[in-house]
Amino acid sequence: MALKFGIEFVPKDPYWKLAAYAIQAEKCGFNNLWVTDHFGNRNVYVTLAAAAMYTTKITFGTGVTNPWMVNPVITAQAIATLNELAPGRVVLGIGAGDKTTLEAVGVEMGKPLAAVREAIEIFRKLTSGETVAYQGEVFKTAGAKFNFKIKNKILVYVGAQGPKMLEMAGKIGDGVLVNASHPSDIEYAIKMANEGMKQAGKAASDVDIAAYTSFSVNEDPKKAVKAAAPVVAFIVAGSPPPVLEKHGINVSKADEIRAALKVGDFGKAIGAVSPEMINAFSICGTPDTCIEKIAALKKIGISQFVVGSPIGQNVKASIDLIGSKIIPQFKN
Amino acid sequence: MDYPKIVEMIPAEKWDPLSEKLIGVILGSKNDEKMPTSLANAMLLKMKEGKTSTKDGLTLLLEAAVLLDCEKSVGALGEMQLLKIAEQIVGK
Numbered sequence: 025m026a027l028k029f030g031i032e033f034v035p036k037d038p039y040w041k042l043a044a045y046a047i048q049a050e051k052c053g054f055n056n057l058w059v060t061d062h063f064g065n066r067n068v069y070v071t072l073a074a075a076a077m078y079t080t081k082i083t084f085g086t087g088v089t090n091p092w093m094v095n096p097v098i099t100a101q102a103i104a105t106l107n108e109l110a111p112g113r114v115v116l117g118i119g120a121g122d123k124t125t126l127e128a129v130g131v132e133m134g135k136p137l138a139a140v141r142e143a144i145e146i147f148r149k150l151t152s153g154e155t156v157a158y159q160g161e162v163f164k165t166a167g168a169k170f171n172f173k174i175k176n177k178i179l180v181y182v183g184a185q186g187p188k189m190l191e192m193a194g195k196i197g198d199g200v201l202v203n204a205s206h207p208s209d210i211e212y213a214i215k216m217a218n219e220g221m222k223q224a225g226k227a228a229s230d231v232d233i234a235a236y237t238s239f240s241v242n243e244d245p246k247k248a249v250k251a252a253a254p255v256v257a258f259i260v261a262g263s264p265p266p267v268l269e270k271h272g273i274n275v276s277k278a279d280e281i282r283a284a285l286k287v288g289d290f291g292k293a294i295g296a297v298s299p300e301m302i303n304a305f306s307i308c309g310t311p312d313t314c315i316e317k318i319a320a321l322k323k324i325g326i327s328q329f330v331v332g333s334p335i336g337q338n339v340k341a342s343i344d345l346i347g348s349k350i351i352p353q354f355k356n
Numbered sequence: 404m405d406y407p408k409i410v411e412m413i414p415a416e417k418w419d420p421l422s423e424k425l426i427g428v429i430l431g432s433k434n435d436e437k438m439p440t441s442l443a444n445a446m447l448l449k450m451k452e453g454k455t456s457t458k459d460g461l462t463l464l465l466e467a468a469v470l471l472d473c474e475k476s477v478g479a480l481g482e483m484q485l486l487k488i489a490e491q492i493v494g495k
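Quick note, the sequences are listed as chains A and B, same order.
Under this note's numbering, the first residue of the first sequence carries the number 25, and numbering increases by one thereafter.
Under this note's numbering, the first residue of the second sequence carries the number 404, and numbering increases by one thereafter.
Since the hints were derived computationally from the structure, they do not count as laboratory data.
Check the hints yourself; a few may be wrong.
Facing chain A, from chain B, some residues (calculated, C-beta under 10 Å) [as the list claims (entries may be wrong)]: (1) 427; (2) 430; (3) 435; (4) 436; (5) 440; (6) 442; (7) 443; (8) 448; (9) 450; (10) 470; (11) 478.
Bear in mind the structure is a predicted one, so any value in this text is a computation, not a measurement.
Where a beta carbon is used, it is the ideal one built from N, C-alpha and C, also for glycine.
With the hints as extra help, turn the sequences into a complete structure.
Structure (structure tokens):
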């Protein structure tokens, strides 16, 4: 089966830039468009609406939202309305959320597994036209119902990293967005998702397993690394010691990066990023190197490869490069 | 500036490569706030329709690129050996 390609955009840029990139990505053969959801950036649903208006084929969704920031009924309402703009091209991507971001607005992340599961249940019931009286551990509704009909089933992707969330994602998701780039991490994630799929009696082909990677491509490998380093610095800073040790990364080096980022010394943080860190937390290099790494992930069992931030030093040029040199290698 | 007239002065065989360069200038610009919404929407529509290298499409791109980054727009025109057009843009 041909590997699907997705692309992630962060709405720190205005809607028209993201819509332009979405048009370009669609023309370059990408199947999926994922837009991140952080309150500090532009609103994910408004951004997706702009992308919907100016594209015709690409499937798009939140990459990912969380159950905390807005009530799941409003998430369902937003996705259902987007589905009217682009029928059958919309999916929901949902995960536990980013602790730092949520804490900044005073939102507590209690019971993440239950919250994600319940939000998905409410979403599915509402988008199926049901009147929802729901008594969950985290969410309760007392007769929520949409005053409009949704004509098609909307797929749900679960963003997951930890073993329990991965297992649940395989069990209840139509897709799993695995937040990792290294083959060993992806292999482990697929193993955990498969456990959940088995529990639900699903076949491997029932669930779209997407590697949601940090990606950087350039004909000049040094430029690819230079673009990836800032993103990798943040990933390293946010990784617990066992994850770092698993990849042979010196924990004290990670502490250095974390300390530099904390005081806003980005130059020092980026300068401390090592080749081992780049290799562990990104897919980075020339088109040929990237093809080799993506092929390895496909062999492990992914069905979608998501090109995540930074994409490359120049986003437009990188999308063109992916469309002309990488995607064609995986179309058959 | 009369952008449609300027575009008419550009040889048609250069419209396609020039439109790609101008899109690069627009998307690479840091002066996002200078982009009028109406111009952005019109440009997106042309991109969606695959008509950025038509006279209307190129006119929109040139206007947007000059608004967002005049220096790089002139540079793009120079790279295409369109120096007289570049001079018109900078008002020489």
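task = Against chain A, run the beta carbon of residue 427 of chain B and see if the smallest gap drops under 10 Å.
result = Holds. Min distance 6 Å.
query = Would the stated hint for residue 442 of chain B survive a check requiring a Cβ distance to chain A of less than 10 Å?
reply = With a closest approach of 9 Å, the residue 442 of chain B hint holds.
inquiry  = Holds or violated: the hint that residue 450 of chain B contacts chain A, with Cβ atoms closer than 10 Å.
reply    = Nearest chain A Cβ about 5 Å off; hint holds.
ask   = Given residue 435 of chain B was flagged as interface, is its beta-carbon under 10 Å from a beta-carbon of chain A?
value = Nearest chain A Cβ about 5 Å off; hint holds.
key: Hint validity - residue 436 of chain B Cβ closer than 10 Å to any chain A Cβ   = This interface hint holds because 8 Å falls under the 10 Å limit.
request  = Hold the hint about residue 443 of chain B up to the distance rule: shortest CB distance to chain A must be less than 10 Å.
outcome  = It holds, given that the least Cβ distance between residue 443 of chain B and chain A is near 4 Å, below 10 Å.
ask   = Minimum Cβ distance from residue 440 of chain B to chain A below 10 Å?
value = 8 Å, holds
ask   = Would the stated hint for residue 478 of chain B survive a check requiring a Cβ distance to chain A of less than 10 Å?
value = 15 Å, violated
ask   = Taking 10 Å as the limit, does the beta-carbon of residue 430 of chain B come near enough to a beta-carbon in chain A?
value = 5 Å, holds
query = Is the hint on residue 470 of chain B kept, meaning its closest Cβ partner in chain A is under 10 Å away?
reply = Since the shortest Cβ distance to chain A is 13 Å, the answer is violated.
request  = Let me know if the C-beta of residue 448 of chain B comes in closer than 10 Å to any C-beta of chain A, holds or violated.
outcome  = Hint holds; residue 448 of chain B Cβ to chain A Cβ min 7 Å, cut 10 Å.
In this structure, the earlier hints numbered 10, 11 are contradicted, and the remaining ones agree with it.
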